[in-house]
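Number of protein chains: 2
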Amino acid sequence: MTLVKVYVTYKKSILDPQGEAVKKAVHGMGFNDVQDIRMGKYFEITVDGDSPTVKEDIEKICDDLLANPNMETYRYEFVQSEEV
Amino acid sequence: MTLVKVYVTYKKSILDPQGEAVKKAVHGMGFNDVQDIRMGKYFEITVDGDSPTVKEDIEKICDDLLANPNMETYRYEFVQSEEV
Chain A
90 MTLVKVYVTY
100 KKSILDPQGE
110 AVKKAVHGMG
120 FNDVQDIRMG
130 KYFEITVDGD
140 SPTVKEDIEK
150 ICDDLLANPN
160 METYRYEFVQ
170 SEEV
Chain B
90 MTLVKVYVTY
100 KKSILDPQGE
110 AVKKAVHGMG
120 FNDVQDIRMG
130 KYFEITVDGD
140 SPTVKEDIEK
150 ICDDLLANPN
160 METYRYEFVQ
170 SEEV
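Chains as they are written, first to last, in the numbering used here: chain A, 90 to 173; chain B, 90 to 173.
Bear in mind the hints are in silico, worked out from the structure with no lab data behind them. Keep in mind the model is a prediction, meaning the values are calculated, not measured. Any given hint could be a false lead.
You can't tell identical chains apart in this list, so a pair holds if it fits in one copy or across any two.
As the list claims (entries may be wrong) - No more than 30 Å apart at the CA atoms, straight line, and that leaves these computed lysine-lysine pairs for BS3-like: (1) Lys112 - Lys149; (2) Lys113 - Lys149; (3) Lys112 - Lys130; (4) Lys144 - Lys113; (5) Lys144 - Lys112; (6) Lys113 - Lys130.
With the hints as extra help, turn the sequences into a complete structure.
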């Protein structure tokens with residue numbers, strides 16, 4: 090069993106309206122030390138077995154489904170785990 | 090400058106309908122090795138300066154704004170960085 094953590098974020102050049110809204114709310118709470126907030130999506134994908142193509146599979150899933158390559162970028166990490 | 094990465098996910102006991110939908114789509118793409126997908130939110134928070142209360146501030150922001158404590162749980166990590 091393999092756990093893959095995928096992080097999808099807007100590219101740096103793309104305005105992140107949700108992050109801006111959260112930042113305004115945080116400033117409204119009085120936390121003016123907060124300079125910037127960017128919001129993204131986070132996926133925990135559990136993959137069965139030890140498929141030799143798991144890396145390619147994850148990249149294909151990210152490219153075709155989880156991230157919009159025009160506006161978003163992603164990174165992923167593998168977490169081998171018995172308990173998952 | 091401190092970068093804080095916050096991950097908000099549904100509690101294990103809570104059904105994650107977005108994750109279920111993504112899983113179905115992934116299976117539809119033919120990746121049947123994928124056993125489970127859970128979806129969450131990801132925040133990159135840039136905090137100015139070295140406030141001694143930054144840990145408390147982040148927890149307050151998470152509790153009151155970013156996560157719904159009834160259904161969601163969160164974790165965070167600090168990334169000290171010059172380049173941020």
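Hint-by-hint comparison with the structure:
Proximity of Lys112 and Lys149 under a CA criterion of 30 Å is satisfied inter-copy only: 14 Å between copies versus 33 Å inside one chain copy. When the C-alpha separation of Lys113 and Lys149 is checked against a cutoff of 30 Å, the pair qualifies only between copies, where the shortest distance is 15 Å, while the shortest distance within a copy is 36 Å. Taking the shortest alpha-carbon separations for Lys112 and Lys130, both the intra-copy value of 17 Å and the inter-copy value of 15 Å come in at or below 30 Å. In this assembly of identical chains, the alpha carbons of Lys144 and Lys113 lie at most 30 Å apart only when taken from different copies (19 Å versus 38 Å within one copy).
In the homo-oligomer, the alpha carbons of Lys144 and Lys112 lie at most 30 Å apart only across protomers (17 Å), although the nearest pairing inside one protomer, at 35 Å, exceeds that limit. For the homomeric pair Lys113 and Lys130, the shortest alpha-carbon distances inside one copy (20 Å) and between copies (18 Å) are both at most 30 Å.
Consistency note: the structure conflicts with none of the earlier hints.
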